[in-house]
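**Q** Okay, here's what each chain looks like letter by letter:
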Amino acid sequence: MSKIPIIIAREFSSRVKKKSFIITTILLPLVMVAMIVIPVYVMSQQDKECTIYVLDDNDYFINRFTNTDKLHFEYPGGELESLKQRCVRGECDAVLHILGGSQSNQANLFFEEEPPLSLKGKVEEQMDKIIFDKTLTDSFHIDLQKYEIIKQTSQSSVATIQIDADGKERASLMELNRFVGIICGVLIYFFVFMYANQVMRSAIEEKSNRIIEIIISSVKPFEFMMGKIVGVALVGILQFALQIGIVFVLLVGIQFCLPSSFTETTVTASEVATTAPGAADTMAIQNSTLFSDISSYYSFPFTTLIICFFVYFLLGYLIYASLYAGLGSATDNETDSNQFVLPISLPLIFTIMAITMESSPQSGLIRCLSIIPFTSPIAMLYRIPSGVPVWELALSLILLFSTFLLCVWISAKIYRVGLLMYGKKVTWKELWRWIRM
Amino acid sequence: MKLIDVQKVTKKFSGNTALDELSFSIPQGCIFGLLGPNGAGKSTLIRILTHITMPDSGQVIFQGHPLQASDVANIGYLPEERGLYKKMKVSEQVIYLARLRGMSKDEATVKLQHWFEKFEISSWWNRRVEELSKGMQQKIQFIVTVVHHPDFLIFDEPFSGFDPINAETLKKEIIQLKQEGATIILSTHNMASVEEICDEIALINHGKLVLNGEINEVRRRFKRNQFHIQIEGTQVTDISLPDGFDLIKKQIRGTDVSLTLQQQDGATSKQLLQYFNDKYTITSFNEILPSMNDVFIQNVK
Numbered sequence: 004m005s006k007i008p009i010i011i012a013r014e015f016s017s018r019v020k021k022k023s024f025i026i027t028t029i030l031l032p033l034v035m036v037a038m039i040v041i042p043v044y045v046m047s048q049q050d051k052e053c054t055i056y057v058l059d060d061n062d063y064f065i066n067r068f069t070n071t072d073k074l075h076f077e078y079p080g081g082e083l084e085s086l087k088q089r090c091v092r093g094e095c096d097a098v099l100h101i102l103g104g105s106q107s108n109q110a111n112l113f114f115e116e117e118p119p120l121s122l123k124g125k126v127e128e129q130m131d132k133i134i135f136d137k138t139l140t141d142s143f144h145i146d147l148q149k150y151e152i153i154k155q156t157s158q159s160s161v162a163t164i165q166i167d168a169d170g171k172e173r174a175s176l177m178e179l180n181r182f183v184g185i186i187c188g189v190l191i192y193f194f195v196f197m198y199a200n201q202v203m204r205s206a207i208e209e210k211s212n213r214i215i216e217i218i219i220s221s222v223k224p225f226e227f228m229m230g231k232i233v234g235v236a237l238v239g240i241l242q243f244a245l246q247i248g249i250v251f252v253l254l255v256g257i258q259f260c261l262p263s264s265f266t267e268t269t270v271t272a273s274e275v276a277t278t279a280p281g282a283a284d285t286m287a288i289q290n291s292t293l294f295s296d297i298s299s300y301y302s303f304p305f306t307t308l309i310i311c312f313f314v315y316f317l318l319g320y321l322i323y324a325s326l327y328a329g330l331g332s333a334t335d336n337e338t339d340s341n342q343f344v345l346p347i348s349l350p351l352i353f354t355i356m357a358i359t360m361e362s363s364p365q366s367g368l369i370r371c372l373s374i375i376p377f378t379s380p381i382a383m384l385y386r387i388p389s390g391v392p393v394w395e396l397a398l399s400l401i402l403l404f405s406t407f408l409l410c411v412w413i414s415a416k417i418y419r420v421g422l423l424m425y426g427k428k429v430t431w432k433e434l435w436r437w438i439r440m
Numbered sequence: 004m005k006l007i008d009v010q011k012v013t014k015k016f017s018g019n020t021a022l023d024e025l026s027f028s029i030p031q032g033c034i035f036g037l038l039g040p041n042g043a044g045k046s047t048l049i050r051i052l053t054h055i056t057m058p059d060s061g062q063v064i065f066q067g068h069p070l071q072a073s074d075v076a077n078i079g080y081l082p083e084e085r086g087l088y089k090k091m092k093v094s095e096q097v098i099y100l101a102r103l104r105g106m107s108k109d110e111a112t113v114k115l116q117h118w119f120e121k122f123e124i125s126s127w128w129n130r131r132v133e134e135l136s137k138g139m140q141q142k143i144q145f146i147v148t149v150v151h152h153p154d155f156l157i158f159d160e161p162f163s164g165f166d167p168i169n170a171e172t173l174k175k176e177i178i179q180l181k182q183e184g185a186t187i188i189l190s191t192h193n194m195a196s197v198e199e200i201c202d203e204i205a206l207i208n209h210g211k212l213v214l215n216g217e218i219n220e221v222r223r224r225f226k227r228n229q230f231h232i233q234i235e236g237t238q239v240t241d242i243s244l245p246d247g248f249d250l251i252k253k254q255i256r257g258t259d260v261s262l263t264l265q266q267q268d269g270a271t272s273k274q275l276l277q278y279f280n281d282k283y284t285i286t287s288f289n290e291i292l293p294s295m296n297d298v299f300i301q302n303v304k
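As they're listed, the protein sequences go chains F and W. So the first sequence is numbered by the working numbering: it starts at 4 and just counts up by one. So the second sequence is numbered by the working numbering: it starts at 4 and just counts up by one.
There's no promise every hint is true.
Mimicking PhoX-like on lysine-lysine, the simulated pairs with C-alpha atoms at most 20 Å apart in a straight line are [unchecked claim]:
1) F:Lys73 with F:Lys22
2) F:Lys125 with F:Lys73
3) F:Lys21 with W:Lys89
4) F:Lys22 with W:Lys89
5) F:Lys428 with F:Lys416
6) F:Lys6 with W:Lys108
7) W:Lys273 with W:Lys226
8) F:Lys20 with W:Lys121
9) W:Lys90 with F:Lys20
10) W:Lys114 with W:Lys181
11) W:Lys304 with F:Lys22
12) F:Lys149 with F:Lys132
13) F:Lys21 with W:Lys90
14) F:Lys427 with W:Lys121
15) F:Lys125 with F:Lys51
16) F:Lys223 with F:Lys6
17) F:Lys416 with F:Lys427
18) W:Lys174 with W:Lys137
19) W:Lys304 with W:Lys226
20) F:Lys416 with F:Lys223
21) F:Lys123 with F:Lys73
22) F:Lys432 with W:Lys181
23) F:Lys432 with F:Lys416
24) W:Lys89 with F:Lys20
25) F:Lys416 with W:Lys15
26) W:Lys181 with W:Lys121
27) F:Lys21 with W:Lys92
28) F:Lys123 with F:Lys51
29) F:Lys22 with W:Lys90
The following label-pair restraints were derived from C-beta to C-beta distances [said to hold, decoys possible]:
30) W:Asn77 with F:Leu237: 46 to 56 Å
31) W:Glu183 with F:Leu402: 18 to 28 Å
32) W:His117 with F:Ala12: 18 to 28 Å
What the simulated footprint calls covered on chain W by chain F, stretch by stretch (three residues with Cβ under 8 Å from a Cβ of chain F suffice, anywhere in the stretch; the number is not a length) [what the hints assert, rightly or not]:
33) 24–35
34) 91–103
Keep in mind that the hints were calculated from the coordinates and are not lab data. Since this is a predicted model, take the numbers as computed values, not measurements. We put the CB at the ideal spot given by N, CA and C, even for glycine.
Using the sequences provided together with the hints, build the complete structure.
**A** And the structure:
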């Protein structure tokens, strides 16, 4: 009877029972949710009501500012110094002093208590509009109403729609795709390293505390290595599933518990984050056509993404875990193992850099990386939200799977020899000799 | 009846020959001392016997068939470098290792309880290994070795790290295992314990067999024909010796005189005994056999 299940059970239960497992399982989702929620919360807090006293040396801007829910402009007149003192007494939140003469497009904003960050931008926006309108009427003698009509009729809107061979169409929000792609790529990178490292650490531990000698006098090194790798993989899947669950529950909880105005900001804020890499769609947000585009969120290739995430995570993990197990067994301590770990980790690090710098998921570089094993778990996940031809996906998976088999075979050879090798600094040349043995 | 037959086993590591056509056999039901200086190839041989590594050529016959993976269920191995999972509970750990040796969980639990009661350590059941002292860990390691009731046991330096009391307990346990029918390999540098409990020995050096056989027979091979005789009466000052014997050492021990004599060629111990018996009262007489320590040093130099 194979003893692999016994080994898997121990590797799994000894890790799941650890305090560190429970802590990271709960802490990581909390940090992630906090990273989403806190900036939004801070932004929503900034939208408090503000009263601004306006003083214009040319008197042109008087009564021309537009009041909004959160922003009240008042024109009390008088000396700048007295207005400043009234501000200090708390009558208003800020004093806007627009300079006179030829400097009429320049102003100073005085305040005692620091106003919301967005205030400066909002004031500038309004001043721009007032100066723009003034220039239109005064210098070019254009009627403002006519201008508004021209502006509205000339406004265009482009929707992005992806089509496939079957003639199916789906609305595609390119920035969102890219954002999801990067998140998935980074997650895969993170999980592959985290769990592969666990495998390596425990291989080193067993070797250095010599229990390995008892174990491999009972089971074949290959069985033990596979049992360990699978056991840790199950821990990873469980932990990941729990974390997804916790994040989901937390987000849903926040949506229900907090006032609706807050959740609205949540959506906008996350969309702002989405568009950050491109930055070209800021117009789209302003025109609020975005909210119609969000429907494409639901035509997202969710099933494909989730399946691919698991398959690529699993294969990527298996490749790295088996290599790490082999290398761990070849060294006596973690410091020594670094010389081997860094070179084989470079492809992943390079891919992470490539997807964060290269803007298009369809570029030649990203396409190549998504086919090459080692780099494909990250690069392909980056591409999947934007759609990937089936043959490329198949080719990438076949290559990845073959690499996995090759890596396990190589590692088993290194593992078998390395476990019993003590007190010797192993070199790449030596590893190569073990593989050929 | 042979339990193990090592046949022309050779093992090389990158040009360095660890074992060179080594052949010997281990009879069933004995304690077999595996001796040799550091680097002689003992560890390599043990790893082959425990099926951890394979010989490059030659084979090991175990209970009449070539050693195979399924035999590990019948082998117990106490490595020289002890090691256990530090964070794991003692009971879980022993049961896990016993299951890897092919025992069922329930069977292992019952056996383990038996051993814990025997060593009076039942209170350790739920403790973690790292909470135990070194001596306690050694006991656990011993239980790991024997819990699956193997026919063949290998103890590599079993006494290191034990205090004299625990070493004595361990010695008794090893002898009891032999009485229950197990065959035991004892690999150690502690020659006193070899003399005390081993039935047979094999001495290897540079991967080759130097000496092999029943322990007293091996010691007799290196005897220097010296005798030790003790007679009553300290007042005897001038002791005459029979022809063919020279006095090496004379010592007064309480009311007795103890003599160490060298026998020359042609003389016999019978003559010595008769001569002394006529003149004095003999309280003890024995042939001086070289200690295993001497045999070891003489053969390894």
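**Q** Against this structure, judge whether each hint is valid.
**A** Structure-based check of each hint:
For the suggested pair F:Lys73 and F:Lys22, the alpha carbons sit about 48 Å apart, so the restraint of at most 20 Å is broken. A hinted pair counts as satisfied when its Cα atoms are at most 20 Å apart, and F:Lys125 with F:Lys73 qualifies at roughly 11 Å. Annotation: proposed proximity of F:Lys21 to W:Lys89 holds, straight-line Cα distance about 13 Å (limit 20 Å). At most 20 Å may separate the alpha-carbon atoms for a hinted pair to count; F:Lys22 and W:Lys89 meet this at roughly 15 Å.
A C-alpha spacing of about 18 Å is found between F:Lys428 and F:Lys416, which places the hinted pair at or below 20 Å, so the restraint holds. The hinted pair formed by F:Lys6 and W:Lys108 meets the criterion: a straight-line CA distance of about 12 Å does not exceed 20 Å. With a CA separation close to 17 Å, the supplied pair W:Lys273 and W:Lys226 stays within the 20 Å bound. Under the criterion of a C-alpha separation no larger than 20 Å, the hint pairing F:Lys20 with W:Lys121 is inconsistent with the structure, at around 31 Å.
The hinted pair formed by W:Lys90 and F:Lys20 meets the criterion: a straight-line CA distance of about 11 Å does not exceed 20 Å. Of the supplied pair hints, the one linking W:Lys114 and W:Lys181 holds, its CA atoms being roughly 18 Å apart against a limit of 20 Å. The hinted pair formed by W:Lys304 and F:Lys22 fails the criterion: a straight-line CA distance of about 56 Å is larger than 20 Å. Distance hint between F:Lys149 and F:Lys132 is fulfilled; the C-alpha atoms sit about 16 Å from each other, no more than 20 Å.
With a C-alpha separation of about 10 Å, the suggested pairing of F:Lys21 with W:Lys90 holds against the 20 Å cut-off. Pair hint F:Lys427 plus W:Lys121 does not hold up; C-alpha atoms about 41 Å apart against a cutoff of 20 Å. Our distance criterion of 20 Å between C-alpha atoms is met by F:Lys125 and F:Lys51, whose separation comes to about 13 Å. The hinted pair formed by F:Lys223 and F:Lys6 meets the criterion: a straight-line CA distance of about 9 Å does not exceed 20 Å.
At roughly 18 Å between alpha-carbon atoms, F:Lys416 and F:Lys427 fall within 20 Å of each other, so this suggested pair holds. A C-alpha spacing of about 18 Å is found between W:Lys174 and W:Lys137, which places the hinted pair at or below 20 Å, so the restraint holds. Distance restraint check for W:Lys304 and W:Lys226: the Cα-Cα separation of roughly 17 Å lies within the 20 Å cut-off, and the hinted pair is therefore satisfied. For the given pair, F:Lys416 sits about 12 Å from F:Lys223 by alpha-carbon distance, which is consistent with the 20 Å threshold.
At most 20 Å may separate the alpha-carbon atoms for a hinted pair to count; F:Lys123 and F:Lys73 meet this at roughly 14 Å. Of the pairs offered as hints, the one joining F:Lys432 and W:Lys181 is violated, with about 47 Å between alpha carbons and a cut-off of 20 Å exceeded. This hinted pair checks out: F:Lys432 and F:Lys416 have alpha carbons roughly 14 Å apart, not beyond 20 Å. With a C-alpha separation of about 15 Å, the suggested pair W:Lys89 and F:Lys20 falls inside the 20 Å cut-off, and the hint holds.
This hinted pair checks out: F:Lys416 and W:Lys15 have alpha carbons roughly 17 Å apart, not beyond 20 Å. About 17 Å separates the Cα atoms of W:Lys181 and W:Lys121, which keeps this hinted pair within 20 Å; it holds. A hinted pair counts as satisfied when its Cα atoms are at most 20 Å apart, and F:Lys21 with W:Lys92 qualifies at roughly 13 Å. With a C-alpha separation of about 14 Å, the suggested pair F:Lys123 and F:Lys51 falls inside the 20 Å cut-off, and the hint holds.
Of the supplied pair hints, the one linking F:Lys22 and W:Lys90 holds, its CA atoms being roughly 12 Å apart against a limit of 20 Å. Distance hint check for W:Asn77 and F:Leu237: the Cβ-Cβ separation is about 32 Å, which falls outside the suggested range of 46 to 56 Å. Between W:Glu183 and F:Leu402 the Cβ separation comes to about 58 Å, which falls outside the hinted range of 18 to 28 Å. Roughly 24 Å separates the CB atoms of W:His117 and F:Ala12, a value that falls within the hinted 18 to 28 Å.
For the region 24–35 of chain W, the stated coverage by chain F is violated: 0 residues have a C-beta nearer than 8 Å to a C-beta of that chain, whereas at least 3 were required. Here's how the region 91–103 of chain W fares: 5 of its residues keep a CB closer than 8 Å to some CB of chain F, so the rule of at least three is met and the hint holds.
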